[in-house]
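Enquirer: Numbered per mature numbering (1 follows the signal peptide of the UniProt record, and there is no 0), the sequence shown spans residues -21 to -1, 1 to 60.
Calculated directly from the structure, the hints in this document are not laboratory data. Zero decoy hints are in this set.
Have a look at the derived ranges for each label pair, beta carbon to beta carbon:
id	residue 1	residue 2	range
1	H1	E21	25 to 33 Å
2	D11	A48	12 to 20 Å
3	A25	F51	17 to 25 Å
4	E21	E55	17 to 25 Å
5	P4	E29	16 to 24 Å
6	E18	K39	27 to 35 Å
7	G41	E21	28 to 36 Å
8	I60	E29	13 to 21 Å
9	D44	E18	28 to 36 Å
10	G41	T16	25 to 33 Å
11	A40	E18	30 to 38 Å
12	E21	D44	27 to 35 Å
Note that the Cβ used here is the ideal one computed from N, Cα and C, for glycine as well.
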Amino acid sequence: MRKFIVALAVAGALVTGPALAHQCPALMAQIDEALPTAELSEADMAMVMELRQSGEELHKAGDHDASEAALFEAMEMLGLI
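Hey, can you work out the whole structure from these sequences and the hints?
Expert: Laid out in structure tokens, this is it:
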């Protein structure tokens, strides 16, 4: 029984670890949801869109840390964080 519990805990950590590590798609979705009602200057809106696009490209390239950094910056400009 003890081995089963340990194996279950290890399996759970392996399955949930990657899912919790990077959240790029969820961040992009939050940005996309906020864009239609955002009250930003034209220049700030352009910067948010550029950061959003950069975040998506970095995510697709596998650079999730840089992707999250760009997406968090966009979210900050939108007042989401």
